[in-house]
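Colleague: What follows is each chain in one-letter form.
Number of protein chains: 2
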Amino acid sequence: MAMYRVHGMRASGNCHKVGLLLDLLGEPYEWVETDVTKGATRTPAFLAMNPNGKVPVLEIGPGQYLAESNAILHYLAEGTPFLPADRLDHARVLQWMFFEQYSHEPYIATSRYWLHILKEPEKYRARLEECRPRGLAALGVMERHLAAADWFAAGRCTIADIALHAYTHVAHEGGFDLASFPAVRRWLERLSALPGYRPMAA
Amino acid sequence: MAMYRVHGMRASGNCHKVGLLLDLLGEPYEWVETDVTKGATRTPAFLAMNPNGKVPVLEIGPGQYLAESNAILHYLAEGTPFLPADRLDHARVLQWMFFEQYSHEPYIATSRYWLHILKEPEKYRARLEECRPRGLAALGVMERHLAAADWFAAGRCTIADIALHAYTHVAHEGGFDLASFPAVRRWLERLSALPGYRPMAA
Chain A
21 MAMYRVHGMR
31 ASGNCHKVGL
41 LLDLLGEPYE
51 WVETDVTKGA
61 TRTPAFLAMN
71 PNGKVPVLEI
81 GPGQYLAESN
91 AILHYLAEGT
101 PFLPADRLDH
111 ARVLQWMFFE
121 QYSHEPYIAT
131 SRYWLHILKE
141 PEKYRARLEE
151 CRPRGLAALG
161 VMERHLAAAD
171 WFAAGRCTIA
181 DIALHAYTHV
191 AHEGGFDLAS
201 FPAVRRWLER
211 LSALPGYRPM
221 AA
Chain B
21 MAMYRVHGMR
31 ASGNCHKVGL
41 LLDLLGEPYE
51 WVETDVTKGA
61 TRTPAFLAMN
71 PNGKVPVLEI
81 GPGQYLAESN
91 AILHYLAEGT
101 PFLPADRLDH
111 ARVLQWMFFE
121 QYSHEPYIAT
131 SRYWLHILKE
141 PEKYRARLEE
151 CRPRGLAALG
161 VMERHLAAAD
171 WFAAGRCTIA
181 DIALHAYTHV
191 AHEGGFDLAS
201 FPAVRRWLER
211 LSALPGYRPM
221 AA
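One line per chain: the protein sequences are A and B, in this order.
Take the first sequence: its position 23, counted from the start at 1, is 43 in my numbering, and no numbers get skipped.
Take the second sequence: its position 93, counted from the start at 1, is 113 in my numbering, and no numbers get skipped.
Hints may contain errors.
[Stated by the list, open to error] Just the calculated beta-carbon pair ranges, DEER-fashion:
(1) A:Ala-146 to B:Arg-152: 14 to 22 Å
(2) A:Thr-57 to B:Glu-53: 40 to 48 Å
(3) A:Arg-62 to B:Arg-152: 16 to 24 Å
(4) B:Arg-210 to A:Gly-83: 21 to 29 Å
(5) B:Arg-210 to A:Ala-221: 41 to 49 Å
(6) A:Asp-43 to B:Pro-219: 45 to 53 Å
(7) B:Tyr-217 to A:Ala-199: 45 to 53 Å
(8) B:Pro-215 to A:Glu-142: 54 to 62 Å
Source of the hints: derived by calculation from the structure; they are not laboratory data.
C-beta atoms are modelled at their ideal positions from N, C-alpha and C, and glycine is treated no differently.
Can you make the complete structure from the sequences, with help from the hints?
Modeller: Right, here's the structure in full:
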């Protein structure tokens with residue numbers, strides 16, 4: 021089979037997820053760096069791969085593209101221990117992945133984008149203030165879960181953990197201090213001890 | 021097996037999805053009406069079911085709860101024609117479901133919530149203006165896809181269609197006119213012709 025090609029931006033947590041899972045699986049891949057801050061997702065060539073104009077995109081074969089970071093994780097994890105086959109465990113993994121995209125990413129990743137990627141705290145001050153309580157609420161939901169469980173679903177590291185790890189391990193770059201979330205910090209340490217693990221590039 | 025119990029609000033598209041799939045599957049269920057505008061998702065009893073405090077919640081058995089509308093659809097559809105078993109088709113269904121929760125719902129459902137549920141157009145005017153281009157962009161992505169395909173994935177109606185139908189068939193209640201999206205309108209008609217179909221309660 022041809023090698024996977026990932027169209028993504030190294031500094032994006034959504035893209036990092038995909039690279040991290042491929043690393044944990046020991047699967048080789050080619051990375052095509054795609055800078056969203058410079059309009060690289062708005063070109064006709066990019067929109068032909070993903071009409072929604074977002075990274076990451078997984079190129080599976082000639083003309084075969086898959087978008088949405090968490091759908092890509094699902095595709096890559098199928099048949100591996102990172103995606104349980106049991107019906108309820110499988111749905112529980114997806115529950116946390118939808119939580120990540122709806123209740124976590126829009127507040128924590130977005131704050132990080134304004135502060136760390138665009139470096140415009142003043143311009144986005146009102147937005148940052150709006151995002152703050154909602155990002156803290158998401159971390160609170162994670163903390164309560166992880167106080168009683170090592171992983172998010174199925175009793176082991178799954179793609180739910182990979183998805184939630186992405187923007188949590190760089191939450192401080194979005195102004196979210198993890199000091200008051202000790203169970204979250206211990207979970208990040210467990211994850212970073214897995215063979216093949218690497219954090220996001222600085 | 022005991023009957024499923026759905027904790028949801030009739031006027032919510034995310035909750036309607038779950039009822040609609042159960043209707044299409046001919047599966048009986050009990051509905052527990054849960055009014056989010058009156059704090060019903062903030063009680064200790066509700067938070068014990070879903071620590072994220074959101075409807076819908078599927079009660080599968082005693083003490084067994086599943087949250088996130090699209091994870092619930094996945095659980096209910098497994099083993100039925102609404103969820104393809106093929107690896108890429110499965111991921112493609114999820115691609116559109118993550119698109120729905122990240123690029124469609126936060127703009128179209130949110131606008132509808134302010135206009136149709138809370139009935140406060142003036143209070144949310146600035147937010148409505150921000151959501152408008154993004155909601156139209158999501159409808160544009162759907163229109164381009166549906167101009168060349170009857171359904172979102174796997175060549176048949178899947179839970180990707182059920183998920184995207186929820187807030188699209190009431191988009192006008194959020195101020196989004198579907199007149200310029202003819203392929204979307206034809207897709208809504210195809211879906212409403214399925215046996216067991218019902219629209220959201222007025």
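Colleague: For each hint, tell me whether it holds in the structure or not.
Modeller: The hints, checked one at a time:
1. A:Ala-146 to B:Arg-152: 14 to 22 Å: Because 19 Å falls inside the window, the suggested range holds.
2. A:Thr-57 to B:Glu-53: 40 to 48 Å: holds (46 Å)
3. A:Arg-62 to B:Arg-152: 16 to 24 Å: Cβ of A:Arg-62 to Cβ of B:Arg-152: about 20 Å, so the range 16 to 24 Å holds.
4. B:Arg-210 to A:Gly-83: 21 to 29 Å: holds (26 Å)
5. B:Arg-210 to A:Ala-221: 41 to 49 Å: holds (45 Å)
6. A:Asp-43 to B:Pro-219: 45 to 53 Å: holds (46 Å)
7. B:Tyr-217 to A:Ala-199: 45 to 53 Å: Since the Cβ atoms of B:Tyr-217 and A:Ala-199 sit about 51 Å apart, the hinted range of 45 to 53 Å holds.
8. B:Pro-215 to A:Glu-142: 54 to 62 Å: holds (57 Å)
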